[in-house]
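Sequence order for the protein chains is X and E.
Here the UniProt record's numbering is used: position 150 in the first sequence is 150, and no number is missing along the way.
Here the UniProt record's numbering is used: position 497 in the second sequence is 497, and no number is missing along the way.
A few of these clues could be false.
Claimed, not checked - Selected chain E positions facing chain X (in silico; Cβ < 10 angstroms): (1) T2; (2) S4; (3) E41; (4) P238; (5) Y275; (6) H277.
To be verified - Per the computed footprint, the stretches of chain X lying under chain E, defined by three or more beta-carbons under 8 angstroms from a beta-carbon of chain E, are: (7) 10–24; (8) 124–137.
In short, the hints are calculated from the structure, not lab data.
These figures come from a predicted structure and were not determined experimentally.
Backbone N, C-alpha and C define an ideal beta-carbon position, used for all residues, glycine too.
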Amino acid sequence: MTTVRRHLDRLRETGDLISVTERVHWEGAVAEVASEATRHNCPVTLFENTSGTVRPVSGVYGGADQFASADQRPWQRISQALDLGPECSYTELIEHLARWETSDIDDVTDESAATVRDSGDIYSLGLPTTSDGTPLVSLGLLVVERDGVTTWAPIRGRAQRSQTLRLSVPESVVEWCTSSADVSVVLGVSAAPLIAALQGWTQGQTTPSVPNLAAGLADVSVTTVGSRTVPSDAEVRIDGRMNAVESSVTEETEPRAAWELTCETATVDVNVETVAVREDPLVPFTPLGEPLTDDIHLMCLVETAKLFRRVNNYWGVSPVEWIQLPVEGRLGFCIVSSEILYAGFEWQLANTLFSFSDLFDKVLVLDEQADPTNLARAIDDMWVKAHPANDWIFSEPNASSAAAPLYRSDDENGSRLYINATWDPRWDEEYIAPRVTFETAFSENVLESLIERWEELGLDDLLDERGVNTDHE
Amino acid sequence: MTTSSLRQYLQTLETNGDLHRISEPVSWNLEASAVTMLLNEEDSAVPLFENVDSARLVGDPYRGTQRRPWERIALGLGLPSDLSYREFYEAVIERLKNPIEPVTVSTDDAPCKEEIQTGDDVDLLDFPWPYIHAGDGGRYSNLHTLVAPDPDSEWVDWSNHRTMIHDGETSSVLLLAGEQTPNLYYYKYEKRDEPMPVAITVGAEPAVQYTSVMWIPTGRNEAEYAGGLKQEPVELVPCETNDLSVPATAELVIEGEILPNERRDEGPFGDYFGYMHGPRRSMPLFRVTGITHQTDPILPFCVEGTGVGHSENTTSSMEIGCVGPDATLGLRTAGFDVECCAPWKSTPRTIYAISTEKTNPSYLHDMANFIFTTWGMLHVDFFIFVDADVNPLNQREVLEALALHADPDADFHQFGVETMPKVPLNIYQTPTEKGDIQTGTSKAKTAKAYIDATSDGAGREAQPTHDIERRYRAQKILERAGVESSELSFVDPGEATQ
Numbered sequence: 001m002t003t004v005r006r007h008l009d010r011l012r013e014t015g016d017l018i019s020v021t022e023r024v025h026w027e028g029a030v031a032e033v034a035s036e037a038t039r040h041n042c043p044v045t046l047f048e049n050t051s052g053t054v055r056p057v058s059g060v061y062g063g064a065d066q067f068a069s070a071d072q073r074p075w076q077r078i079s080q081a082l083d084l085g086p087e088c089s090y091t092e093l094i095e096h097l098a099r100w101e102t103s104d105i106d107d108v109t110d111e112s113a114a115t116v117r118d119s120g121d122i123y124s125l126g127l128p129t130t131s132d133g134t135p136l137v138s139l140g141l142l143v144v145e146r147d148g149v150t151t152w153a154p155i156r157g158r159a160q161r162s163q164t165l166r167l168s169v170p171e172s173v174v175e176w177c178t179s180s181a182d183v184s185v186v187l188g189v190s191a192a193p194l195i196a197a198l199q200g201w202t203q204g205q206t207t208p209s210v211p212n213l214a215a216g217l218a219d220v221s222v223t224t225v226g227s228r229t230v231p232s233d234a235e236v237r238i239d240g241r242m243n244a245v246e247s248s249v250t251e252e253t254e255p256r257a258a259w260e261l262t263c264e265t266a267t268v269d270v271n272v273e274t275v276a277v278r279e280d281p282l283v284p285f286t287p288l289g290e291p292l293t294d295d296i297h298l299m300c301l302v303e304t305a306k307l308f309r310r311v312n313n314y315w316g317v318s319p320v321e322w323i324q325l326p327v328e329g330r331l332g333f334c335i336v337s338s339e340i341l342y343a344g345f346e347w348q349l350a351n352t353l354f355s356f357s358d359l360f361d362k363v364l365v366l367d368e369q370a371d372p373t374n375l376a377r378a379i380d381d382m383w384v385k386a387h388p389a390n391d392w393i394f395s396e397p398n399a400s401s402a403a404a405p406l407y408r409s410d411d412e413n414g415s416r417l418y419i420n421a422t423w424d425p426r427w428d429e430e431y432i433a434p435r436v437t438f439e440t441a442f443s444e445n446v447l448e449s450l451i452e453r454w455e456e457l458g459l460d461d462l463l464d465e466r467g468v469n470t471d472h473e
Numbered sequence: 001m002t003t004s005s006l007r008q009y010l011q012t013l014e015t016n017g018d019l020h021r022i023s024e025p026v027s028w029n030l031e032a033s034a035v036t037m038l039l040n041e042e043d044s045a046v047p048l049f050e051n052v053d054s055a056r057l058v059g060d061p062y063r064g065t066q067r068r069p070w071e072r073i074a075l076g077l078g079l080p081s082d083l084s085y086r087e088f089y090e091a092v093i094e095r096l097k098n099p100i101e102p103v104t105v106s107t108d109d110a111p112c113k114e115e116i117q118t119g120d121d122v123d124l125l126d127f128p129w130p131y132i133h134a135g136d137g138g139r140y141s142n143l144h145t146l147v148a149p150d151p152d153s154e155w156v157d158w159s160n161h162r163t164m165i166h167d168g169e170t171s172s173v174l175l176l177a178g179e180q181t182p183n184l185y186y187y188k189y190e191k192r193d194e195p196m197p198v199a200i201t202v203g204a205e206p207a208v209q210y211t212s213v214m215w216i217p218t219g220r221n222e223a224e225y226a227g228g229l230k231q232e233p234v235e236l237v238p239c240e241t242n243d244l245s246v247p248a249t250a251e252l253v254i255e256g257e258i259l260p261n262e263r264r265d266e267g268p269f270g271d272y273f274g275y276m277h278g279p280r281r282s283m284p285l286f287r288v289t290g291i292t293h294q295t296d297p298i299l300p301f302c303v304e305g306t307g308v309g310h311s312e313n314t315t316s317s318m319e320i321g322c323v324g325p326d327a328t329l330g331l332r333t334a335g336f337d338v339e340c341c342a343p344w345k346s347t348p349r350t351i352y353a354i355s356t357e358k359t360n361p362s363y364l365h366d367m368a369n370f371i372f373t374t375w376g377m378l379h380v381d382f383f384i385f386v387d388a389d390v391n392p393l394n395q396r397e398v399l400e401a402l403a404l405h406a407d408p409d410a411d412f413h414q415f416g417v418e419t420m421p422k423v424p425l426n427i428y429q430t431p432t433e434k435g436d437i438q439t440g441t442s443k444a445k446t447a448k449a450y451i452d453a454t455s456d457g458a459g460r461e462a463q464p465t466h467d468i469e470r471r472y473r474a475q476k477i478l479e480r481a482g483v484e485s486s487e488l489s490f491v492d493p494g495e496a497t498q
């Protein structure tokens with residue numbers, strides 16, 4: 001099982017984690033540094049020296065902007081956290097998430113891994129604060145049980161007072177359980193429970209068996225608190241009682257998490273009774289409202305996996321090579337790469353995606369040669385391969401408004417756009433322009449000749465000095 | 001210090017550790033371009049091939065780094081290497097605002113006259129013109145300045161049109177009607193059945209090379225703008241076989257004429273779109289009348305196609321470093337309130353992003369229509385307008401603006417009606433649509449488009465440039481924690497002071 005601690009150890013080993021050892025105050029400054037780190041594609045940032053109990057860490061499940069460099073794999077930290085190995089490709093990760101497999105949870109221990117520390121002073125934890133100075137809660141889970149079934153749901157919120165958390169949760173969770181249930185809020189859990197919680201409650205259907213979904217994604221270890229099944233690797237566990245809050249008293253002004261775009265939300269207060277922590281607890285958090293944050297990465301992958309699963313089951317064949325909601329587009333843009341089976345297939349494909357997701361209203365259709373690891377090249381095809389007059393297709397303005405874009409927030413209907421950057425299947429083969437790549441631009445003889453003289457040409461030294469791998473050999 | 005020759009520029013590159021000399025024999029037949037493409041893709045040094053038959057080749061000498069594509073353009077202008085893109089743009093704009101007249105030097109003082117061949121001695125095949133991609137129609141010179149005069153005025157246009165070598169005396173030149181020099185040829189010289197005198201200047205000093213890709217207004221003296229960029233007069237020298245003057249510091253000058261109603265095959269060629277462009281077409285014939293050159297000349301070339309996606313080449317870097325500032329200046333001169341006009345970083349030419357303070361729809365409509373009627377727009381299909389605090393060169397920021405702020409219902413304009421001229425190099429056209437062999441135009445029209453991806457104030461948080469001090473402190477904490485700013489595109493030097 002890849003706990004947060006194990007995940008961070010691996011990131012440290014591969015140079016993808018930096019420790020901030022100088023004193024950074026949790027009030028404002030930690031979130032500010034985290035914002036800069038995510039915005040500028042920095043490694044995972046661990047704050048070792050803040051005045052509170054926890055050690056905040058940002059970017060744990062995020063990743064770099066793929067435009068920034070060919071080496072960037074924005075999903076890599078998540079695939080690592082799911083223990084899928086360093087060579088896991090984007091498509092393999094999506095296929096893994098798309099399976100929605102459930103597994104029994106065998107590894108239930110009776111002992112709570114985190115130790116009860118006090119009777120519930122949220123402020124003393126030293127969670128990073130929002131701009132108004134209240135502790136931020138992100139990348140955590142609400143744990144609640146009904147009729148012997150425990151579910152885990154995504155949360156976003158803040159401390160309301162020293163012993164009250166005010167959280168946004170999927171409305172369907174509140175409807176599913178009683179509104180005054182005993183609950184736990186867990187922070188610092190591994191990737192599988194976080195992803196499973198999104199799959200269970202934000203995908204247009206209610207799937208309460210989230211712990212089993214999580215176990216289908218990766219090994220998870222759980223323990224029992226009260227009657228609830230709780231991830232035992234949680235770094236911080238806050239137990240208390242949940243109360244629904246009337247919508248009239250919740251005036252949201254702060255940035256929301258990405259998952260909140262995907263479902264109706266409700267506001268609840270958790271009256272904290274006890275706080276349990278591990279020794280030197282690590283709490284992943286994300287500076288909401290910034291680009292490239294962890295919540296965007298997680299939601300992009302979860303929504304993509306849903307679409308991949310549904311589209312490929314829909315056709316009876318599997319022409320779709322890959323789908324991506326690039327994190328750079330903040331859930332407002334969808335790319336699909338597919339074999340175009342027949343003329344007009346791209347129209348069907350784009351509209352299928354629109355019907356399966358409410359998040360975006362722009363779809364880019366690429367041919368099956370497109371590479372999911374090269375976003376820059378994929379977007380280039382939108383500009384050079386799609387005919388501006390014929391291949392940018394706008395719908396009649398009768399479509400419901402998409403959730404991610406910031407226009408038409410009044411829910412008025414509007415248009416959708418898909419861009420067809422594939423070769424027209426009606427074209428003769430001779431019309432198709434071959435791509436210019438290292439492999440296609442030079443004959444094997446030329447490449448072999450160069451490889452034989454690699455050293456004489458000084459390329460070994462040159463590329464080695466710059467940290468370049470010489471896979472071309 | 002301003003750089004006065006290609007050699008001096010390469011020396012500066014070498015001093016910076018950015019030049020890779022290859023003294024082993026390398027063939028012009030794909031080998032030089034294969035090495036160059038590899039180094040382009042790996043963001044490595046510029047290769048100088050010192051042992052290629054009778055001359056030297058340099059692959060993509062002005063290619064910038066993938067993170068800072070304007071970096072080596074700045075080097076050629078003697079600008080500091082650590083300028084932010086905004087500082088670089090403003091520096092180039094200031095220089096373009098202050099043109100300097102050229103001076104004429106004697107043949108004896110012109111390096112490009114060290115060797116002179118005219119008459120029967122002329123042989124293009126004496127030089128190792130590279131065969132760049134397997135599948136190309138032939139060997140090319142594709143990084144040069146074509147000097148061509150207007151027959152009705154004193155105006156001389158400098159431009160960059162690739163030429164495919166056919167034999168010792170002739171080549172075909174890619175002249176696409178709609179651009180300045182091709183228009184002179186098709187609509188003046190050829191209509192009068194007159195040959196067009198030209199000089200192809202290979203390996204001219206950086207300021208000249210940069211000027212030849214800029215959108216210098218018709219009728220203006222390009223040499224003056226090159227002087228402005230250089231901050232010194234450019235030295236010109238008369239040709240041997242026609243009345244043109246050429247930059248004296250060029251490595252090699254091919255003098256000749258483009259003949260009326262004569263055509264030769266051109267292409268296919270692995271083009272700037274990143275695709276092998278076809279079909280083979282007929283283009284105007286260039287006949288050589290003289291060649292002058294420096295001893296042991298250095299011939300620059302560009303591996304087109306590698307400027308797409310995550311790599312750079314000279315074309316894509318010059319688009320950002322030269323055309324971008326020039327276009328920004330052009331729009332400001334026309335009275336538009338433009339923060340910056342810059343090409344989509346990984347897509348040379350087809351798409352430009354414009355950041356602007358004024359975002360009301362009628363203003364953007366007027367600006368777009370102004371742009372689409374200028375001659376430089378033949379290659380550009382799209383403009384995307386973004387808020388003033390969005391960096392047009394940051395593709396993430398622009399894609400985010402497109403995704404979140406461009407309403408398919410209201411913000412995409414001029415799609416769906418094919419009314420505008422198009423360059424026949426576009427790969428979305430069928431071969432039938434692409435070619436008119438007589439005038440180098442496309443048979444079809446296209447639909448240029450502009451996209452309003454400005455926020456209109458709706459739900460958008462400003463980019464954090466307004467809070468520079470806090471941002472700077474946060475960045476310093478990260479730097480002290482070990483973030484390598486140069487490798488992680490962390491802090492754009494100079495940006496924090498704006």
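Practice item. Could you tell me which of the numbered hints above are not met by this structure, giving the numbers in increasing order? Key: Hint check: 1, 2, 4, 8 fail, others pass.
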